[in-house]
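Trainee: These are the residues of each chain, in order.
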Amino acid sequence: MNAVVTAHGLTKRYKNALALDDVSFRIDSGRIVGLIGPNGAGKTTALKAILGLTDFKGELNVLGFDPRTHRDQLMEQVCFIADVAVLPRWIRVREAVDFVANVHPRFNRAKCEAFLARTKLTPNQRVKQMSKGMIVQLHLALVMAIDARLLVLDEPTLGLDILYRKQFYQSLLEDYFDENKTIIVTTHQVEEIEHILTDLMFIRDGKLVLDTDMDAVGERFAELMVSADQAEAARRLKPLDERQVFGKSIFLFDGADRATLESLGEVRRPTVSDLFVATMKGTYA
Amino acid sequence: MKTFYWLLKREYWEHRGGFLWAPVIAGGIYLLLTLVALVSSLGNHGPIMMIGGRDLAWAIDHADPENLQKAAAVIDGIMMVAAVQVLVVTGFVMLFYFIGCLYNDRADRSILFWKSLPISNINTVLSKAVCGGLLVPAFSVLIGVTVGVLQLLIIATLLAFQHVNAWQLLLLAHPVHATASLFSSIPLNALWALPSIGWLMLCSSWSRTKPFLWAVLIPVVGGLMLTFSVLHPTGVNTIWMWKNIILRVLLSVFPGSGFFFEHGHMGNIGNDVDSNNPLAMISPLHTYPDLLSSPNLWVGVAAGAVMIALAIWFRRVRDDS
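So the protein lines, in turn, are chains Z and A. If you read the first sequence in the numbering used here, its first letter stands for residue 1, the second for the next number, and so on. If you read the second sequence in the numbering used here, its first letter stands for residue 1, the second for the next number, and so on.
The shape of chain A in the complex, shown without the other chains (with noise of 0.2 Å):
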């Protein structure tokens, strides 16, 4: 266990660049675009948020409880786009970590300063799994409600500026509610993004140069021809193929992606959930019981445990250091 928390620590150390710092960043951009674009709205237009001819002060002193839910509903989801926007910049991170993971130090040849130690070929390929699938998407909830935040503060700043009281409605934002969420999706999209972690670390255990190539190529390579071969006509699907494998191997590191997977768009969800409600459509409730009852889900995390399987083998006899 101690070794394992190690190399996780190690990961990190190696890392901090994109686990931490590319998502700060992307969150410290989208903040600046959000109070670039608002002061200059406000600026031509007077107060910029006007609720049937009315201004909001008036609107929040008249608004009756279910007027203020869904303002909070509003409100909740202005948070939730920067933090997806994050989680967003993630997805590239995780694509990019576990492409390089399992080849960087056999290119530059210090796999034989770790292979020097007495850590298992297992403890190493899972501990960079465990690292991207879950540490990272941890920093980057973090990070995005924080930034959501942030936000939420920025326009309420800018509106007390224009002598409307918006703190009140702030109150109406639920950070804790959508941080728990986000929180408590994680190991849902690691399972469903172990299929794509699988493939990467695979292509980055086993190829001898241009791992992001491989990893690339083969897929869609493979998947035109199919698409446009004498194949074709005897029954492959190919929509299916492309959406349930070739995506599917490629994107499902970026979080929330099992949610677009299996329901094309936002408003094709199920009845009993409010999609006018984005922490609705995050909740756990809603979302563990409707992808862990898809096969999907699980024919790909088989897939994923059998592609580290083999990115486990091909970090113990690649020998080309």
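Here chain Z stands alone, though its shape is the one from the complex (with noise of 0.2 Å):
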């Protein structure tokens, strides 16, 4: 597999504090990967790197480029959403997708235009008289038509109810997402993403907590339910975390043996929210 972003020794350091500490990784073609970490963790400033949007210590490889110097060449290939709200407030949708029609050489405006005519948005409005959730449709329907190879998307759903989250998700899986394609997301809700993640990435004050595939995670975590009286036998086999739910204990293990957890109780893959959890613990204490 090729991959599109290769990372070494990234390091980015503002006034007071080390955003992105001396981190390494690669991501490839056809990948989902979500990119999840604290507030403050360093999620946007690695998302920015990657687009030319900061500088940084260390090398990036972005599709061939060098993101610091040909952020222009780049941007032909990679798509970026972040957080709503960031399309001009005086624009016109008739005016966006001219304009993206004209300077994009990849963009499809028919596409645009279909994706445009499923949502209420018409040509003359301005974003500053749309909801975020309309600004957001307006915005993946520009990205859509691009036909980029990476898609960056920096918390896309914030502050959306969650009918357009759902609907923002199943069109990029739908009507986007391809193998030819990768998308690195970051997001909070992360329950609502796990079910189309490839790929995992912690990111815990400034470093690579966790990095892995989905399927790994699958094999390598696993929680186990028990009852009272088998928690003492379950907490000797050291598990990440423990929780109590209706007088069951919930363990989290990372590389236990699959045979001697089942031997005690349930065994269950863990959501990503949980895996999390146990992973940040303490982050904010």
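Hints may contain errors.
[Said to hold, decoys possible] Calculated lysine-lysine pairs in the BS3-like style (CA-CA distance at most 27 Å, straight line):
{"#": "1", "chain 1": "Z", "residue 1": "K15", "chain 2": "A", "residue 2": "K210"}
{"#": "2", "chain 1": "Z", "residue 1": "K111", "chain 2": "A", "residue 2": "K9"}
{"#": "3", "chain 1": "Z", "residue 1": "K132", "chain 2": "Z", "residue 2": "K120"}
{"#": "4", "chain 1": "Z", "residue 1": "K238", "chain 2": "Z", "residue 2": "K281"}
{"#": "5", "chain 1": "A", "residue 1": "K243", "chain 2": "Z", "residue 2": "K111"}
{"#": "6", "chain 1": "Z", "residue 1": "K207", "chain 2": "Z", "residue 2": "K111"}
{"#": "7", "chain 1": "Z", "residue 1": "K281", "chain 2": "Z", "residue 2": "K248"}
{"#": "8", "chain 1": "A", "residue 1": "K243", "chain 2": "A", "residue 2": "K210"}
{"#": "9", "chain 1": "A", "residue 1": "K210", "chain 2": "Z", "residue 2": "K128"}
{"#": "10", "chain 1": "Z", "residue 1": "K111", "chain 2": "Z", "residue 2": "K128"}
{"#": "11", "chain 1": "Z", "residue 1": "K57", "chain 2": "Z", "residue 2": "K15"}
{"#": "12", "chain 1": "Z", "residue 1": "K238", "chain 2": "Z", "residue 2": "K248"}
{"#": "13", "chain 1": "Z", "residue 1": "K128", "chain 2": "A", "residue 2": "K243"}
{"#": "14", "chain 1": "Z", "residue 1": "K128", "chain 2": "Z", "residue 2": "K166"}
{"#": "15", "chain 1": "Z", "residue 1": "K166", "chain 2": "Z", "residue 2": "K207"}
Honestly, the hints are just simulated from the structure, not real lab data. These numbers were taken from a predicted model, which means no experiment stands behind them.
Got two chains here, separate frames each, mind docking them using the hints?
Mentor: Structure below.
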């Protein structure tokens, strides 16, 4: 598989904080990667570095370009949706489509108009007259009509209601994503995207604490539910995390022996959000 | 080229209100005031234009060619006054446009959208410089001359109510000539404005908040400190500094300001130019050699180019969205 993004020793220091601390990773083509971390962990900085929006130390190669020096060429093949409402407020739907159609060589106008036809947006409507959800619909219509190899989404559904959120990811999966495309997405609404992710990256204090694909998550991590009398035995296996639900204890294990766990109680694949909470324990303490 | 054209169009979409409607409204108000002033004076005094104790109709009938030429100059002058006031409004529009052009999209974070498109920072910044320096004055010249012509028509119509036939006089005006002269001066004005354009865009691109304040405060406070500080006696010529640096970086965007910087006032122009004829004064045959031979212009062009380059650099590295 060919790499879309390779980072080596990526480091970014702001005045008083280290946003990225010697991070290395590789993202292959045809993947949907969830970059997940608490507020201030360095997610947005990492995305900005990939998009050439910030300077950094270390090596970063995106589709063969160094984003610091070749941002304009890179942007022919990379699309980006930041959290809602970064479309300029004065622009009209018609103007936005016209502009992107004429400056972007890989934009398919018919496709964009087909997406817009499924919304309530009208050509003369200005962004400032739209709800947050409608702005995202417009942005998504613009982006999905671009035949890009990498799509970067930074909290794309922040502040949207559940209908818009579901529709957003559904559109992406059904009408956009294929094996030649790659999506990197950050969000706090982990539950909503976990079924579409192929890869998972956890970032904490500027470091990658987990970088794996979803299949491996199921093999490596396990959630065990036991009744109170078995809890002590489970604790001896050094779980990552423990919580109580309805008088039962739920443990999260990393790399524990499957057969041993199954002898104690019910074993399940942990959800990404449970895994996240367990991994990030003490972040804000 | 295509991208650049659409970048210019983008600027027009965003700033239609300033580029088009501000001069149109200013011109409209000017015409309205002219109308009110003329109507009230006609009501009070009867025929408004008396020449040598006779009224205008008589004067036109009996004018010799030399007098007609002088009359034409006066009429062109009236037309130019209207055009100039529109150009002054344009100066303000340009000032505020340049101060906002690389700041506003950072403030509302829409820069993240613009930067997600395959457009270089160089093209983005240059399109804004070209838009403000060339397109805005071009709109303004068209609107200004139109306002001037409308003003003449208003005057002639009011005179017609006084049974004075001034239409013949109107034919003496040179609106096409005036438009051509003003248009041809746009590139010269842009060169002259370059240090100001550069400075304002640099502040717009660099400042994290309140670019207007920085753009004005840095030169003005710096100038005041030099003027009233111990540095003064060591030989800094403060009058020269205020005129050639501080006012130059702030006010050169005003169309035609180069003329006043170089000559101080209208009467002080070259001997070979008829200072009674407004069209002769704005003729490119006069203005171009006059300003292009001034080192002040070229030093300004160089400084402006450097500041625009810095603005491009800041556009790339400013990371606060």
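Trainee: Now, for every hint given, state plainly whether the structure supports it.
Mentor: Going through the hints against the structure:
1. Z/K15 / A/K210: At roughly 22 Å apart (the allowed maximum being 27 Å), A/K210 and Z/K15 satisfy the hint.
2. Z/K111 / A/K9: Holds - the C-alpha atoms of A/K9 and Z/K111 are around 23 Å apart, at most 27 Å.
3. Z/K132 / Z/K120: 13 Å, holds
4. Z/K238 / Z/K281: Satisfied, since the Cα-Cα distance of roughly 15 Å is no more than 27 Å.
5. A/K243 / Z/K111: Between A/K243 and Z/K111 the Cα gap is close to 57 Å, so the pair fails against 27 Å, i.e. violated.
6. Z/K207 / Z/K111: Judged against 27 Å, a Cα distance of about 39 Å means the pair is violated.
7. Z/K281 / Z/K248: 21 Å, holds
8. A/K243 / A/K210: Judged against 27 Å, a Cα distance of about 25 Å means the pair holds.
9. A/K210 / Z/K128: 23 Å, holds
10. Z/K111 / Z/K128: 24 Å, holds
11. Z/K57 / Z/K15: 14 Å, holds
12. Z/K238 / Z/K248: Measuring from Cα to Cα gives roughly 17 Å; hence the hint holds.
13. Z/K128 / A/K243: Violated: Z/K128 and A/K243 sit about 43 Å apart, past 27 Å.
14. Z/K128 / Z/K166: Holds, at roughly 23 Å.
15. Z/K166 / Z/K207: Given that 27 Å is the threshold and the Cα spacing comes to 30 Å, the pair is violated.
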